[in-house]
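Visitor: Sequence:
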Amino acid sequence: MPDDHDVSVAVKALKIGTKVKELRMKHRYTLQDLANKTGLSKPFLSQIENNHVIPPVATLLKLARALNVGLGYFFQDETTTEKVSITRKHERIRVKRRPHHGKEDVSYIYESLETRKQDKHMEPFFVEFPPISVEEMNFTTHEGEEFLYVLEGKVEFRTVDRVEILEEGDSIYFDSSISHGFRCVGDKPAKAIAVIWTGP
Numbered sequence: 001m002p003d004d005h006d007v008s009v010a011v012k013a014l015k016i017g018t019k020v021k022e023l024r025m026k027h028r029y030t031l032q033d034l035a036n037k038t039g040l041s042k043p044f045l046s047q048i049e050n051n052h053v054i055p056p057v058a059t060l061l062k063l064a065r066a067l068n069v070g071l072g073y074f075f076q077d078e079t080t081t082e083k084v085s086i087t088r089k090h091e092r093i094r095v096k097r098r099p100h101h102g103k104e105d106v107s108y109i110y111e112s113l114e115t116r117k118q119d120k121h122m123e124p125f126f127v128e129f130p131p132i133s134v135e136e137m138n139f140t141t142h143e144g145e146e147f148l149y150v151l152e153g154k155v156e157f158r159t160v161d162r163v164e165i166l167e168e169g170d171s172i173y174f175d176s177s178i179s180h181g182f183r184c185v186g187d188k189p190a191k192a193i194a195v196i197w198t199g200p
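If you're matching positions, the sequence shown starts at 1 in the numbering used here and goes up one per residue.
Hints were generated in silico from the structure; no laboratory data involved.
Nothing here was measured: the structure is a model prediction, and the numbers come from that model.
Every residue gets a Cβ at the ideal spot worked out from N, C-alpha and C, and that includes glycine.
Below 27 Å or equal to it, Euclidean Cα-Cα: the simulated DSS-like pairs (lysine-lysine) are:
1. Lys19 <-> Lys117
2. Lys15 <-> Lys26
3. Lys89 <-> Lys154
4. Lys37 <-> Lys117
5. Lys42 <-> Lys21
6. Lys120 <-> Lys83
7. Lys191 <-> Lys154
8. Lys26 <-> Lys37
9. Lys37 <-> Lys120
10. Lys21 <-> Lys120
11. Lys120 <-> Lys26
12. Lys19 <-> Lys42
13. Lys19 <-> Lys83
14. Lys154 <-> Lys188
15. Lys21 <-> Lys117
16. Lys15 <-> Lys191
17. Lys83 <-> Lys15
18. Lys89 <-> Lys188
19. Lys83 <-> Lys117
20. Lys120 <-> Lys19
21. Lys19 <-> Lys37
22. Lys117 <-> Lys26
23. Lys89 <-> Lys19
24. Lys15 <-> Lys117
25. Lys117 <-> Lys89
26. Lys191 <-> Lys89
Quick list of the computed label-pair ranges, beta carbon to beta carbon:
27. Asn36 <-> Thr81: 32 to 38 Å
28. Thr81 <-> Lys42: 32 to 38 Å
29. Trp197 <-> Phe139: 16 to 22 Å
Build out the structure end to end from the sequences listed, making use of the hints.
Guide: Next up, the structure:
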């Protein structure tokens, strides 16, 4: 597992940017084509492809749909067609924000809990939310549904017109197409399991 302080190691190990670029070239899309399909800006896509930005899960979902792959594709080193897939703790790679992250960069730490199975409909993640202010929150939308179970700490869930505090043992299930964001409201990072259903 890469050093938590060396974010570039994690990004390079996953080769997310490289995979995005390879898929874009395979489909013969220009950066503008991909921008049109995802709603993401050309400069942001370029930063992702060059591994300068760590994309949040919602951004990866948009890229996966536009490039006709499952979200898990970005976390795979190898794939399996087996009906059972096991991911050992030491096989997970932590992806976290840079110390001076931009507004579109990831604002939490996440680990994919399943990295090999192809064509799956659910994407499970371990997520760690650092304490941040409301102003630092990133709000996202994507297709599908989302489930989050709080393991430790307190997590604030926000939409345009709703604010909920989730404590240890609480869970939430919602339609991911609504603009939503999470943040830790305690002194220590909050930890949760998130499962994203990306739809058929």
